Amino acid sequence: MPESRKNYLRPLDLKHGRVDMAHGAGGRAMAQLIDELFARHLGNEWLAQGDDGAVLPAPGAGRLVMATDSHVVSPLFFPGGDIGCLAVHGTINDVAVMGAQPLWLSAAFILEEGYPLADLARIVASMATAARQAGVPVVTGDTKVVERGKGDGVFITTTGVGVVPPGRELSGSRVQPGDAILVSGTLGDHGMAIMAGRESLGFESPIVSDTAALHGLIADLLASGADIHALRDPTRGGLATTLNEIARQSGVGMMLQEKALPISPPVAAACEFLGLDPLYVANEGKLVAICAQNDAEKLLTAMRSHPLGRRAAVIGSVHDDPQQFVQMATAFGGKRIVDWLTGDQLPRIC
Amino acid sequence: MCLAIPAQVIELRDGDNAVVDLAGVRKEISLSLVDDVAVGDYVIVHVGYALNKLDPEEAAKTLALFAEIGQLGGEPTS
Amino acid sequence: MKYIDEFRDGDVARKLAAAIASEVNPARRYRFMEFCGGHTHAISRYGIADLLPDNVRMIHGPGCPVCVLPIGRVDQAIALALAHGVIVCAYGDCLRVPASGGLSLLKAKARGGDIRMIYSCADAVALARQNPDKQVVFFAIGFETTTPPTAVAIKQAAALGLSNFSVLCCHVLTPPAIASIMEGADEQLQLDGFVGPAHVSTIIGSRPYEPFATRYRKPVVIAGFEPLDVLQAIRMLIRQANEGRAEVENEFSRAVDRDGNRKAQALMDEVFELRESFEWRGLGTLPYSARRLRAEFAGFDAEHRFALAYRPVADHKGCDCGEILRGIKRPQDCKLFGTVCTPENPIGSCMVSSEGACAAHYTYGRHKNA
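Protein chains in written order, with my numbering: chain A, 1 to 350; chain B, 351 to 428; chain C, 429 to 798.
Take these hints with a grain of salt, some might be off.
Unchecked claim - Quick list of the computed label-pair ranges, beta carbon to beta carbon:
{"#": "1", "chain 1": "A", "residue 1": "Pro75", "chain 2": "C", "residue 2": "Glu671", "range": "48 to 54 Å"}
{"#": "2", "chain 1": "C", "residue 1": "Arg557", "chain 2": "A", "residue 2": "Ala22", "range": "47 to 53 Å"}
{"#": "3", "chain 1": "C", "residue 1": "Lys691", "chain 2": "B", "residue 2": "Arg363", "range": "55 to 61 Å"}
{"#": "4", "chain 1": "A", "residue 1": "Ser171", "chain 2": "B", "residue 2": "Asp364", "range": "55 to 61 Å"}
{"#": "5", "chain 1": "C", "residue 1": "Lys691", "chain 2": "A", "residue 2": "Thr301", "range": "34 to 40 Å"}
{"#": "6", "chain 1": "A", "residue 1": "Thr68", "chain 2": "B", "residue 2": "Gly365", "range": "45 to 51 Å"}
{"#": "7", "chain 1": "A", "residue 1": "Gln293", "chain 2": "B", "residue 2": "Asp385", "range": "37 to 43 Å"}
{"#": "8", "chain 1": "C", "residue 1": "Gly727", "chain 2": "A", "residue 2": "Ser74", "range": "33 to 39 Å"}
{"#": "9", "chain 1": "A", "residue 1": "Ser171", "chain 2": "C", "residue 2": "Thr713", "range": "53 to 59 Å"}
{"#": "10", "chain 1": "C", "residue 1": "Asn670", "chain 2": "B", "residue 2": "Val389", "range": "21 to 27 Å"}
{"#": "11", "chain 1": "A", "residue 1": "Pro307", "chain 2": "B", "residue 2": "Asp385", "range": "48 to 54 Å"}
As the list claims (entries may be wrong) - DSSO-like cross-link-like pairs, simulated, lysine-lysine; straight-line CA separation at most 27 Å:
{"#": "12", "chain 1": "C", "residue 1": "Lys537", "chain 2": "A", "residue 2": "Lys335"}
{"#": "13", "chain 1": "C", "residue 1": "Lys796", "chain 2": "C", "residue 2": "Lys763"}
{"#": "14", "chain 1": "C", "residue 1": "Lys763", "chain 2": "C", "residue 2": "Lys745"}
{"#": "15", "chain 1": "C", "residue 1": "Lys796", "chain 2": "A", "residue 2": "Lys335"}
{"#": "16", "chain 1": "C", "residue 1": "Lys562", "chain 2": "C", "residue 2": "Lys535"}
{"#": "17", "chain 1": "C", "residue 1": "Lys691", "chain 2": "C", "residue 2": "Lys583"}
{"#": "18", "chain 1": "C", "residue 1": "Lys763", "chain 2": "C", "residue 2": "Lys535"}
{"#": "19", "chain 1": "A", "residue 1": "Lys259", "chain 2": "A", "residue 2": "Lys298"}
{"#": "20", "chain 1": "C", "residue 1": "Lys537", "chain 2": "C", "residue 2": "Lys562"}
{"#": "21", "chain 1": "C", "residue 1": "Lys691", "chain 2": "A", "residue 2": "Lys150"}
{"#": "22", "chain 1": "C", "residue 1": "Lys430", "chain 2": "A", "residue 2": "Lys335"}
{"#": "23", "chain 1": "B", "residue 1": "Lys411", "chain 2": "C", "residue 2": "Lys562"}
{"#": "24", "chain 1": "C", "residue 1": "Lys583", "chain 2": "A", "residue 2": "Lys259"}
{"#": "25", "chain 1": "A", "residue 1": "Lys150", "chain 2": "C", "residue 2": "Lys562"}
{"#": "26", "chain 1": "A", "residue 1": "Lys150", "chain 2": "C", "residue 2": "Lys430"}
{"#": "27", "chain 1": "C", "residue 1": "Lys562", "chain 2": "C", "residue 2": "Lys583"}
{"#": "28", "chain 1": "C", "residue 1": "Lys691", "chain 2": "C", "residue 2": "Lys535"}
{"#": "29", "chain 1": "A", "residue 1": "Lys144", "chain 2": "A", "residue 2": "Lys15"}
{"#": "30", "chain 1": "C", "residue 1": "Lys583", "chain 2": "C", "residue 2": "Lys535"}
{"#": "31", "chain 1": "A", "residue 1": "Lys15", "chain 2": "A", "residue 2": "Lys150"}
{"#": "32", "chain 1": "C", "residue 1": "Lys745", "chain 2": "A", "residue 2": "Lys335"}
{"#": "33", "chain 1": "C", "residue 1": "Lys757", "chain 2": "C", "residue 2": "Lys745"}
{"#": "34", "chain 1": "C", "residue 1": "Lys796", "chain 2": "A", "residue 2": "Lys259"}
{"#": "35", "chain 1": "A", "residue 1": "Lys259", "chain 2": "A", "residue 2": "Lys335"}
Simulated from the structure, these hints should not be mistaken for lab results.
Values in this document were obtained by computation on a predicted structure and should not be read as measured data.
The C-beta atom is built at its ideal place from N, Cα and C for all residues, glycine as well.
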């Protein structure tokens, strides 16, 4: 009889294997999943330690910024990205728009029993690539497994920590009448890539998600010397939601110029088909920046000089308005308000 | 009433179906409600069906009419 | 986008607006009703009212199928999902219409009802094929634009021999609704003309509007869907009013002719017949104003299959949807508007549908209230 090899652990079947309840139980199976799948891709000195928490150096000067995001996007793989890189980009951006340099990420996974390991490996590899390219490592994580039917394949929650230098105050509450409003590029790409990717709607389109880490672009903007009051990434609910939030935070009104909004033709067309308004469609690689009026040109130049800001534009301005309306001068010549989103944007028939 | 948009037929498929294109976005729709549609025609699409063909001559006439209005002038709106 | 962008041109809009300003008679008022919800939406979304002289007013009509859908019909759809365990397929517009018991289709979904939003009725047929062990019902709403597709879907289901597919038919007709507006003894209304629906007209043609022009002596101009079409149609109505004419004119000549789409009409007639009467929200019960499936297709009628009774439900006491739909009141005249009734918490259907007068005004135009 052949001698059984000591400490032999049959490797994970990454081709045909599936997540099962044992993978979340905290025992050997889970350790193996972490080793052969997570750490293999995400590997760094903190994860290699294998402790419950990552020990990180305290910042010198400056203040800590922390942000968290849960990702439940469906489908998990979409044109231009997947839930993995989305999770990394989204949280990096939330930290960066506060004017902070993103330093570390955590990632918590909730996996559904039966989810193919091959797909999970693709997601984690994508996360790892995104983290590496951004220079922001995932230093700690967690994995849980829920029964089949109780999850949508994979949910990911990422938390990010960064440091903002002393004296820098970026906030939606700092916006003033007279300020200029800029966006870093075309609107609605991510949301429409997802929509067009949904099989049930039967579209084929060249639309690709814009998911990207924006901290490099933001660093350039902050270095430009422009007096920036607020930065935000218009994700769920689109540009309209972000601007309404800021208008309320600062107690001001806004006037947008519809002609100035950068929207790519396929996104406009897909919105037409479905009766959706691109102002309310999610973006995952775009910035809204609000700065002092005199610095608009300078900021625009800084944006356009960066690969992620080539189609940046000045789209409007801030003014006094006790009712805090976000308004828009339509390309047609009239005026309308750009209200808060109501419920979910549902494709219209009429 | 009813959200319907003009799109160009770029491919005919089996069973009364066709593919339309609008600025690079393609969708398969049904031609069950219209006859004699050729590739290159524009149709009005509503809930996945072509309702009618768009008449390019009439469209041109309407646009020409709009262009004329510019020539006629008129006092600017106060 | 061809045939879309050219009809949204701001420079042409300015010139059209100037032409309108030069043609109006400053000594009188002009009150035109745009029947179709799509036009209501376009007028609000593009801020067309800003381009019109002060003495021209647009009044929103009832051509929004979600707005005129009575609560009792939504109740039927909800009952199908919650009480009969059926997969209910509906267009996105209907999902948030408030019905009885504080429910809507969306809320019923949260309670476990299997309710699916679809883009096309063909998707409902596909769902029935994919789920042979479940019943699938398509909640069919809409005017004559949306009715022919339903006819095609039913014929398709028949050809496939699908035994688990049926339709809750709430398709309504445009001419009876217009008649009801014109007939109404609403003296406050005082309309000078109608902007006729765009896509309904591609199906039914311009002929059905002719009796209204002759009988009620009101001009009707059928307008395309884009803002330049609407402006031009308003200009044509102003001219007719100034010249004392009452004719049917067609601005949307690129897609509408006098006869309409005969093939689509034949398909509708093959599958549907007219109900003797049907309750409309806001307009009351109108005769021969809605459709049901013919006897040959009765097997696909959800009302038969599930023995659904229709129970009329009155609107909320303070809700002015009825008068708003008939053009007598404006959204801001309703006590509930913007306070209790908002798009987030709609009390009446005019606030739910983005085509509804109240939703359109709230979402795009309420800054003008102040």
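To see whether the hints hold, each was checked on the structure:
no. : hint                              : result
1   : Pro75(A) - Glu671(C): 48 to 54 Å  : violated (58 Å)
2   : Arg557(C) - Ala22(A): 47 to 53 Å  : violated (38 Å)
3   : Lys691(C) - Arg363(B): 55 to 61 Å : violated (19 Å)
4   : Ser171(A) - Asp364(B): 55 to 61 Å : holds (58 Å)
5   : Lys691(C) - Thr301(A): 34 to 40 Å : violated (57 Å)
6   : Thr68(A) - Gly365(B): 45 to 51 Å  : holds (50 Å)
7   : Gln293(A) - Asp385(B): 37 to 43 Å : violated (59 Å)
8   : Gly727(C) - Ser74(A): 33 to 39 Å  : holds (36 Å)
9   : Ser171(A) - Thr713(C): 53 to 59 Å : holds (57 Å)
10  : Asn670(C) - Val389(B): 21 to 27 Å : violated (45 Å)
11  : Pro307(A) - Asp385(B): 48 to 54 Å : holds (50 Å)
12  : Lys537(C) - Lys335(A)             : violated (37 Å)
13  : Lys796(C) - Lys763(C)             : holds (17 Å)
14  : Lys763(C) - Lys745(C)             : holds (11 Å)
15  : Lys796(C) - Lys335(A)             : holds (10 Å)
16  : Lys562(C) - Lys535(C)             : holds (21 Å)
17  : Lys691(C) - Lys583(C)             : holds (14 Å)
18  : Lys763(C) - Lys535(C)             : holds (26 Å)
19  : Lys259(A) - Lys298(A)             : holds (21 Å)
20  : Lys537(C) - Lys562(C)             : holds (17 Å)
21  : Lys691(C) - Lys150(A)             : violated (48 Å)
22  : Lys430(C) - Lys335(A)             : holds (24 Å)
23  : Lys411(B) - Lys562(C)             : violated (52 Å)
24  : Lys583(C) - Lys259(A)             : violated (45 Å)
25  : Lys150(A) - Lys562(C)             : holds (22 Å)
26  : Lys150(A) - Lys430(C)             : violated (46 Å)
27  : Lys562(C) - Lys583(C)             : holds (20 Å)
28  : Lys691(C) - Lys535(C)             : violated (39 Å)
29  : Lys144(A) - Lys15(A)              : holds (21 Å)
30  : Lys583(C) - Lys535(C)             : violated (32 Å)
31  : Lys15(A) - Lys150(A)              : holds (24 Å)
32  : Lys745(C) - Lys335(A)             : violated (33 Å)
33  : Lys757(C) - Lys745(C)             : holds (15 Å)
34  : Lys796(C) - Lys259(A)             : holds (22 Å)
35  : Lys259(A) - Lys335(A)             : holds (12 Å)
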